[in-house]
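> Here are the chains, one letter per residue:
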Amino acid sequence: NAGVTQTPKFQVLKTGQSMTLQCAQDMNHEYMSWYRQDPGMGLRLIHYSVGAGITDQGEVPNGYNVSRSTTEDFPLRLLSAAPSQTSVYFCASSYSGTGTLYGELFFGEGSRLTVL
Amino acid sequence: GENVEQHPSTLSVQEGDSAVIKCTYSDSASNYFPWYKQELGKRPQLIIDIRSNVGEKKDQRIAVTLNKTAKHFSLHITETQPEDSAVYFCAASLGTGTASKLTFGTGTRLQVTL
Numbered sequence: 001n002a003g004v005t006q007t008p009k010f011q012v013l014k015t016g017q018s019m020t021l022q023c024a025q026d027m028n029h030e031y032m033s034w035y036r037q038d039p040g041m042g043l044r045l046i047h048y049s050v051g052a053g054i055t056d057q058g059e060v061p062n063g064y065n066v067s068r069s070t071t072e073d074f075p076l077r078l079l080s081a082a083p084s085q086t087s088v089y090f091c092a093s094s095y096s097g098t099g100t101l102y103g104e105l106f107f108g109e110g111s112r113l114t115v116l
Numbered sequence: 001g002e003n004v005e006q007h008p009s010t011l012s013v014q015e016g017d018s019a020v021i022k023c024t025y026s027d028s029a030s031n032y033f034p035w036y037k038q039e040l041g042k043r044p045q046l047i048i049d050i051r052s053n054v055g056e057k058k059d060q061r062i063a064v065t066l067n068k069t070a071k072h073f074s075l076h077i078t079e080t081q082p083e084d085s086a087v088y089f090c091a092a093s094l095g096t097g098t099a100s101k102l103t104f105g106t107g108t109r110l111q112v113t114l
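Protein chains in written order, with my numbering: chain C, 1 to 116; chain Z, 1 to 114.
Just chain C, same shape as in the assembly:
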């Protein structure tokens, strides 16, 4: 199993550009999520999904869109990048929700995004 795979690992954007961070998992996990990690602020939840076709907002959803058309994939879209979105982004999945017995989050390697 590859686990959780994120691409790209590094990306530089100009303000106003759009891009998609890809996330795929091969563990048949129902729950998938996106976090951003900023110095001194920990990991903050952007969006999450409890299954194909179902998504919901987390703590910091503004400026980001998600969709979940398959169990395996959960892309994160930045429609118009801003310097405030410079961060390290982690995709994470679990077999079921984080409050359940099988809620351990498995993280991808992270994607470092810089917006100029």
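Calculated from the structure, these hints are not laboratory results.
All the pointers check out, no bait thrown in.
The calculated DSS-like cross-link candidates involving lysine-lysine, where the alpha carbons are at most 30 Å apart (straight line), are:
1. Lys71(Z) to Lys58(Z)
2. Lys58(Z) to Lys68(Z)
3. Lys37(Z) to Lys9(C)
4. Lys42(Z) to Lys9(C)
5. Lys71(Z) to Lys37(Z)
6. Lys37(Z) to Lys57(Z)
7. Lys42(Z) to Lys14(C)
One side of the interface only, derived from the structure: several residues of chain Z facing chain C at Cβ under 8 Å:
8. Gly1
9. Asn31
10. Tyr32
11. Arg43
12. Pro44
13. Leu46
14. Ser93
15. Gly95
16. Ser100
17. Lys101
18. Leu102
19. Phe104
20. Gly105
21. Thr106
Ideal Cβ positions, reconstructed from N, Cα and C, are used throughout, including at glycine.
Chain C is fixed; fit chain Z onto it per the hints.
Structure of chain Z alone, referenced to chain C:
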């Protein structure tokens, strides 16, 4: 929503000493409290967790305690080793079932010196 505070932000101990990291949470309905370790440049990984119906859990050199009344939980690492150097995140999960959300603390950078 849930708010998790974590202290200290940095912690330096000598090899062999113990380390304690403390977290408080705001919502008494939170029911699951995991701890993740993130080594430099790596992804976070679960090291131990505790549920609201348990007061203490131990796994070799690490232990977690939970005080529901005070709404705080702590990570204890004994006999620290250089490989324990990392950033540690506490978290609290609000809600049950698949729709639960995990809120992380701001992290503690632990440095174990020789």
